[in-house]
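Chemist: Per my numbering, the sequence shown runs over residues 4 to 374.
Be a bit skeptical, because a hint or two may be false.
In silico DSSO-like cross-links for lysine-lysine, where the CA-CA straight-line distance does not exceed 27 Å [to be verified]:
1. Lys135 with Lys52
2. Lys305 with Lys52
3. Lys231 with Lys135
4. Lys231 with Lys132
5. Lys135 with Lys225
6. Lys132 with Lys220
7. Lys220 with Lys231
8. Lys228 with Lys132
9. Lys226 with Lys132
10. Lys132 with Lys225
11. Lys220 with Lys135
12. Lys140 with Lys52
Hints are computed from structural coordinates only; laboratory data are not their basis.
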Amino acid sequence: MDNSTKVFGHELLGRDYVVPLDLFVGGATVTVCSLQLFFGSLNIWLIWKVNIFHNAFGTILVIRTVIDLFSSTQHITYSAYVTLSQRSDYSPILGVVDGYLTYALEPMSCALHVLLAANRYTCVYLPLKYNKIFSRKNFFTLLPPALVIIPSTMLLGLHLIPCNMLGYSASYYGYIMLDCPNPGQERPFHFARFIHISCGTLFCSLAILLDSLTIRKLYIMKKNKTYKNQAHFRVQCRFTMQSFTQNIPMFLEILFLSLSDDSRDTPAAARIAPFLLIRFTNFINSTTIFVFNPEARSFLRKRFRVGHTQISSSGADSNLRLHGPSYHFKAHSKVTRVVRQYLSDDNEEGAHNELNDFIASELSAVSSDSL
Numbered sequence: 004m005d006n007s008t009k010v011f012g013h014e015l016l017g018r019d020y021v022v023p024l025d026l027f028v029g030g031a032t033v034t035v036c037s038l039q040l041f042f043g044s045l046n047i048w049l050i051w052k053v054n055i056f057h058n059a060f061g062t063i064l065v066i067r068t069v070i071d072l073f074s075s076t077q078h079i080t081y082s083a084y085v086t087l088s089q090r091s092d093y094s095p096i097l098g099v100v101d102g103y104l105t106y107a108l109e110p111m112s113c114a115l116h117v118l119l120a121a122n123r124y125t126c127v128y129l130p131l132k133y134n135k136i137f138s139r140k141n142f143f144t145l146l147p148p149a150l151v152i153i154p155s156t157m158l159l160g161l162h163l164i165p166c167n168m169l170g171y172s173a174s175y176y177g178y179i180m181l182d183c184p185n186p187g188q189e190r191p192f193h194f195a196r197f198i199h200i201s202c203g204t205l206f207c208s209l210a211i212l213l214d215s216l217t218i219r220k221l222y223i224m225k226k227n228k229t230y231k232n233q234a235h236f237r238v239q240c241r242f243t244m245q246s247f248t249q250n251i252p253m254f255l256e257i258l259f260l261s262l263s264d265d266s267r268d269t270p271a272a273a274r275i276a277p278f279l280l281i282r283f284t285n286f287i288n289s290t291t292i293f294v295f296n297p298e299a300r301s302f303l304r305k306r307f308r309v310g311h312t313q314i315s316s317s318g319a320d321s322n323l324r325l326h327g328p329s330y331h332f333k334a335h336s337k338v339t340r341v342v343r344q345y346l347s348d349d350n351e352e353g354a355h356n357e358l359n360d361f362i363a364s365e366l367s368a369v370s371s372d373s374l
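Please model the entire structure based on the sequences and the hints provided.
Modeler: This is the structure in structure tokens:
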């Protein structure tokens, strides 16, 4: 079939039969995106609950995580589905919309990563001006317009420049440029290539530069011991290393995107690698908070720890509670008397034995009831 009889956007549709590589790409997409959804949601909950993240750094993390959550949801519901099913009975416009959403969300995520690196740089190099620069007023006045302008510029370029429409292709496992609508028409300017090489490289290089300068400053401060608060200094080191680590998958992502060039002529591996790397980058972004921050790990251990015993005594409301997976009970007057006697050190051994006997009897009763 020649180009004149093909439906515009046909290259975005499935082939109507499934091969093992479809299952691999689709399954990997579902797996990585599902993990990102879980850890991303946990990430937001942690930032909300742990005080150390109640600052501009934590706010940037939350906004970027929300964007990544939208991206993962998009790829589970569309990209992975059409790859696994290889259906061809849908409009190619859906693939174009998916491509445009990706080219809108990913630049916003990259821009926020640069802002994260700038946040660390400012905190270390300009600590006295940090609160003014990253004030709530500046943050919510300047950030929303930037997050609108960046993707809008890219989407307008893809839409307005002739022969630059792209979309997700189920059979090519990635984002590809559509054929020109008119037979024989040539693409005057490859705007997607420009985005990958210039904007992507600029964002990634700027983030790496800022993080590298920040790490250098922190090393000098540690070597000369010029920091005032050791605990605060350690937090700054962890936050900076968290930001720097996220540069690694982002750099590989930009590299493979530049090599694939959104073309059907490139090998399948060159298209699959950047597509999955973007998903993997979003996953890494959602997990670094646990790797570099013991406060986050400690909070999770405390929240999900079971089987511990808590005893409190406060007059008539004295309670004994066993926190476990299957039982909770409130002590009656006998327990109140036993606990008070035990805490008063009068007849300690007898009170201790009586308390143990009562707990054993209550647990036996609870076990019997559960059976």
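Chemist: Each of the hints needs a verdict: does it hold here or not?
Modeler: Each hint, compared with the structure:
As the CA atoms of Lys135 and Lys52 are separated by approximately 25 Å, the hinted pair is consistent with the 27 Å bound. Of the supplied pair hints, the one linking Lys305 and Lys52 holds, its CA atoms being roughly 12 Å apart against a limit of 27 Å. For the proposed pair Lys231 and Lys135, the alpha carbon gap of about 21 Å is at most 27 Å, so the pair holds. A C-alpha spacing of about 17 Å is found between Lys231 and Lys132, which places the hinted pair at or below 27 Å, so the restraint holds.
For the hint linking Lys135 to Lys225, the alpha-carbon distance of about 26 Å falls within 27 Å, and the restraint holds. With a CA separation close to 17 Å, the supplied pair Lys132 and Lys220 stays within the 27 Å bound. Restraint check for Lys220 and Lys231: satisfied, since their Cα atoms lie roughly 15 Å apart, inside the 27 Å limit. Of the pairs offered as hints, the one joining Lys228 and Lys132 holds, with about 22 Å between alpha carbons and a cut-off of 27 Å not exceeded.
Pair hint Lys226 plus Lys132 holds up; C-alpha atoms about 24 Å apart against a cutoff of 27 Å. In summary, the hint linking Lys132 to Lys225 is supported, as the alpha carbons are separated by about 22 Å, within the 27 Å threshold. Only pairs whose Cα atoms come within 27 Å are accepted, and Lys220 paired with Lys135 is accepted, the gap being roughly 21 Å. A threshold of 27 Å between alpha carbons decides the hint, and for Lys140 with Lys52 the separation of about 23 Å falls inside it, so the pair holds.
Comparing the model with each numbered hint stated earlier shows that all of them hold.
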